[in-house]
Amino acid sequence: MRRVVEGSHAVSHAVDLARVRVISAYPITPQTHIVERLAELVADGVLDARFIRVESEHSAMAAVIGAASAGVRSFTASSSHGLALMHEMLHWAAGARLPIVMAEVNRAMGPGWNIWADQTDSLSQRDTGWLQFYCEDVQDVIDTILIAYRVAERVSLPVMVVLDAFFLSHTYEPADLPEHADVDEFLPPWEPVEVLDPAEPRAFNQLASPEFYMEFRHKMQQAMDEALAAYPEIDRAFAARFGRTHPLVEHIPAEDGARAPLALVTTGTITSTARAALAELRDRGTPVDLVKLRALRPFPQDEIRRVLGPYGRVAVIDRNLSFGYGGIFAQEIRAALSSLADRPVVYPFVAGLGGRDVTPDTVRAVVDRALDDEPPGDILWAGLKE
Amino acid sequence: MPIDLPPSERMTSGHLACPGCGAAIAMRFVLKGLGDRVVMVIPACCWSIIAGPFPYTALKVPVLHTAFETGGAVASGIRAALDVKGDHETQVVTWAGDGGTFDIGLQSLSGAAERGEDILYVCYDNEAYMNTGVQGSGATPEGAWTTTTPTGSPKATRKKDIMQIMAAHAIPYAATASIAYPEDLVRKVQKAASIRGTKFLHIFATCPTGWKVPSEVSVGLARLAVQTRIFPLYEVEDGERYTINVEPKGYLVDAYFKAQGRFKHLTAEDLERIQERVDHGWSRLEALARIA
Numbered sequence: 001m002r003r004v005v006e007g008s009h010a011v012s013h014a015v016d017l018a019r020v021r022v023i024s025a026y027p028i029t030p031q032t033h034i035v036e037r038l039a040e041l042v043a044d045g046v047l048d049a050r051f052i053r054v055e056s057e058h059s060a061m062a063a064v065i066g067a068a069s070a071g072v073r074s075f076t077a078s079s080s081h082g083l084a085l086m087h088e089m090l091h092w093a094a095g096a097r098l099p100i101v102m103a104e105v106n107r108a109m110g111p112g113w114n115i116w117a118d119q120t121d122s123l124s125q126r127d128t129g130w131l132q133f134y135c136e137d138v139q140d141v142i143d144t145i146l147i148a149y150r151v152a153e154r155v156s157l158p159v160m161v162v163l164d165a166f167f168l169s170h171t172y173e174p175a176d177l178p179e180h181a182d183v184d185e186f187l188p189p190w191e192p193v194e195v196l197d198p199a200e201p202r203a204f205n206q207l208a209s210p211e212f213y214m215e216f217r218h219k220m221q222q223a224m225d226e227a228l229a230a231y232p233e234i235d236r237a238f239a240a241r242f243g244r245t246h247p248l249v250e251h252i253p254a255e256d257g258a259r260a261p262l263a264l265v266t267t268g269t270i271t272s273t274a275r276a277a278l279a280e281l282r283d284r285g286t287p288v289d290l291v292k293l294r295a296l297r298p299f300p301q302d303e304i305r306r307v308l309g310p311y312g313r314v315a316v317i318d319r320n321l322s323f324g325y326g327g328i329f330a331q332e333i334r335a336a337l338s339s340l341a342d343r344p345v346v347y348p349f350v351a352g353l354g355g356r357d358v359t360p361d362t363v364r365a366v367v368d369r370a371l372d373d374e375p376p377g378d379i380l381w382a383g384l385k386e
Numbered sequence: 001m002p003i004d005l006p007p008s009e010r011m012t013s014g015h016l017a018c019p020g021c022g023a024a025i026a027m028r029f030v031l032k033g034l035g036d037r038v039v040m041v042i043p044a045c046c047w048s049i050i051a052g053p054f055p056y057t058a059l060k061v062p063v064l065h066t067a068f069e070t071g072g073a074v075a076s077g078i079r080a081a082l083d084v085k086g087d088h089e090t091q092v093v094t095w096a097g098d099g100g101t102f103d104i105g106l107q108s109l110s111g112a113a114e115r116g117e118d119i120l121y122v123c124y125d126n127e128a129y130m131n132t133g134v135q136g137s138g139a140t141p142e143g144a145w146t147t148t149t150p151t152g153s154p155k156a157t158r159k160k161d162i163m164q165i166m167a168a169h170a171i172p173y174a175a176t177a178s179i180a181y182p183e184d185l186v187r188k189v190q191k192a193a194s195i196r197g198t199k200f201l202h203i204f205a206t207c208p209t210g211w212k213v214p215s216e217v218s219v220g221l222a223r224l225a226v227q228t229r230i231f232p233l234y235e236v237e238d239g240e241r242y243t244i245n246v247e248p249k250g251y252l253v254d255a256y257f258k259a260q261g262r263f264k265h266l267t268a269e270d271l272e273r274i275q276e277r278v279d280h281g282w283s284r285l286e287a288l289a290r291i292a
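Respectively, the protein sequence lines represent chains S and U.
Using our numbering, read the first sequence as starting at 1 and increasing by one per residue.
Using our numbering, read the second sequence as starting at 1 and increasing by one per residue.
Chain S with its partners taken away, still in its complex shape (with noise of 0.2 Å):
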């Protein structure tokens, strides 16, 4: 069914379609109207769910990890600072190969109080061992809910599901939500392996020494490979049912059958800015090859190989900063690159902190830096106020 949906609410609705059954949340602004619309889905009884209102974001993911260890689809979501106070649970939960599904809207860590856009605070989770999927556009967010479960339950680890503050997740867009009856098909219940059980009782998450503990994280780590791996089939399962397809990492010419000198990366809603952007330079002459990054975890590293290998310029956008270092994506890019003894020039710019506005312009500029002879240094700021 198409309707108009706002950002928060297509998270609200497609936890919905995914029959979740326990949801713990925090208030924290943007992420309220998805709470808000899950507390109203399961207080009118549309969403047979149990909504557990904590009262901290730590107890939040607490209360999901209780859920889940019981074997209950489970759901939870936060932002920021909330997502900082959870951060031990983050670990506990991805160690404890819990599939919970969290929305994570990114909004910018204190101080000074900012409540609008910034990645920082997610990309600051990255080895808490939770999978993580950046959202470009509302239909978008709906469709990697539902993927998010699927790839979770397959391998059993967390995965977090990230919108931009406000440009998403207060965003109204038109976006088919799909039926019941058909996410029911690509999401079946989910079967845990081992669930707290007084008929069969077990220890869960006790003292692992030295002869265990190393066995446990390099079975983390498979199981992040086997994301990796997994990622495509369903993803194609996805597509065969919805018709449309999400790949880690999205490859968009600007001329079919061409190469042009640079690509340009970017994630979350900058990819949608960029995409008008580098159409409009395509037409002026100026052709600039479009990747759309997906995951921060797994990272999607022979793809990122094959895709920008072949380049012999790319430029990065970074909206988050690593102190002492540059963009992190930028990062996590070069690192993968610098296994190719061939490898493209990367351009790492850091851009829209803070939900500084990223503009066509800011992307003309940056295309134009990348395509000057500009040292590529180890950060270009974009849109900096001199």
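Honestly, the hints are just simulated from the structure, not real lab data.
These figures come from a predicted structure and were not determined experimentally.
Positions of the beta carbon are idealized from the N, C-alpha and C atoms, including for glycine.
Some hints could be false.
Stated by the list, open to error - Computed footprint of chain U on chain S; a stretch qualifies when at least three of its residues, placed anywhere within it, have a C-beta under 8 Å from a C-beta of chain U:
1. 20-27
2. 197-211
To be verified - Taking CB as the label site, the calculated pair distances span:
3. S:Pro188 x U:Arg196: 32 to 38 Å
4. U:Ser8 x S:Arg244: 53 to 59 Å
5. U:Asp87 x S:Gln221: 42 to 48 Å
6. U:Gln190 x S:Asp302: 58 to 64 Å
7. U:Pro214 x S:Asn114: 55 to 61 Å
8. S:Glu200 x U:Asp161: 39 to 45 Å
9. S:Glu185 x U:Gly239: 58 to 64 Å
10. S:Pro188 x U:Gly239: 41 to 47 Å
11. U:Gly220 x S:Ala199: 36 to 42 Å
12. S:Arg244 x U:Asp87: 37 to 43 Å
13. S:Glu200 x U:Lys191: 41 to 47 Å
14. U:Pro214 x S:Pro188: 32 to 38 Å
15. U:Pro2 x S:Pro188: 52 to 58 Å
16. U:Pro2 x S:Val46: 57 to 63 Å
The hints should help you fit chain U onto chain S, whose structure is shown.
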């Protein structure tokens, strides 16, 4: 004197508790009272170790080990999951130490109690962070030595009154219990299990290692804590109705304090001050029980 307790044993030998550990005794009695439809949540505490390392467990109930401050929240999540699966019979029990209850876990416990989650939260109180090597907690009594309240500057403030805090949440049932009174303890577990809503049990659990006492005095010392009115046994229903369960003999506190290495630096004046506080606390409790 033989004691009358359910014969079931859901705690096995081979656990890793120190000799004379009150927390091990408390677990054994609580499990006797609970029956076999139980899921247990253990946030970081001595019992994270006592229960045994992977791939062993000393408990014959399913256990979810979890992070320090999450006892109330994780139990809430399990309760919700069991409920949506149609299982309203299994008891969800959080088993936490005093640090995980009085201090770092107080927020999630308070949240669960405010929401009226149908869980039983048990705090076994050994009055310090014992698993990490005897550091002071909000449950450490005034005057006590711990490694972070050393003899030169023992704990200057009073033990937090967790029972008043829980009573203020107006939960249907809160009770104190002691390893020295197993029948009273098991009765309270059974009573708690029969009530819907948030139940809280505060169990006095001697720690010979941290209190610097011989392991064989563990139960006797717990009895002395009750008989001196330092740790009275009582119940609070709906945050209002107080019932005193054991009438203490009212021994002077000296006997209790002088038996323990952690208090050996206390002066006669210190003990006099503490005696006054204990007397005052008892009068207050008696008054509350009279109102009911």
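Status of each hint after checking the structure:
{"no.": "1", "hint": "20-27", "verdict": "holds (count 3)"}
{"no.": "2", "hint": "197-211", "verdict": "holds (count 12)"}
{"no.": "3", "hint": "S:Pro188 x U:Arg196: 32 to 38 Å", "verdict": "holds (34 Å)"}
{"no.": "4", "hint": "U:Ser8 x S:Arg244: 53 to 59 Å", "verdict": "holds (56 Å)"}
{"no.": "5", "hint": "U:Asp87 x S:Gln221: 42 to 48 Å", "verdict": "violated (35 Å)"}
{"no.": "6", "hint": "U:Gln190 x S:Asp302: 58 to 64 Å", "verdict": "holds (60 Å)"}
{"no.": "7", "hint": "U:Pro214 x S:Asn114: 55 to 61 Å", "verdict": "holds (59 Å)"}
{"no.": "8", "hint": "S:Glu200 x U:Asp161: 39 to 45 Å", "verdict": "holds (40 Å)"}
{"no.": "9", "hint": "S:Glu185 x U:Gly239: 58 to 64 Å", "verdict": "violated (50 Å)"}
{"no.": "10", "hint": "S:Pro188 x U:Gly239: 41 to 47 Å", "verdict": "holds (46 Å)"}
{"no.": "11", "hint": "U:Gly220 x S:Ala199: 36 to 42 Å", "verdict": "holds (39 Å)"}
{"no.": "12", "hint": "S:Arg244 x U:Asp87: 37 to 43 Å", "verdict": "holds (38 Å)"}
{"no.": "13", "hint": "S:Glu200 x U:Lys191: 41 to 47 Å", "verdict": "violated (28 Å)"}
{"no.": "14", "hint": "U:Pro214 x S:Pro188: 32 to 38 Å", "verdict": "violated (60 Å)"}
{"no.": "15", "hint": "U:Pro2 x S:Pro188: 52 to 58 Å", "verdict": "holds (56 Å)"}
{"no.": "16", "hint": "U:Pro2 x S:Val46: 57 to 63 Å", "verdict": "holds (58 Å)"}
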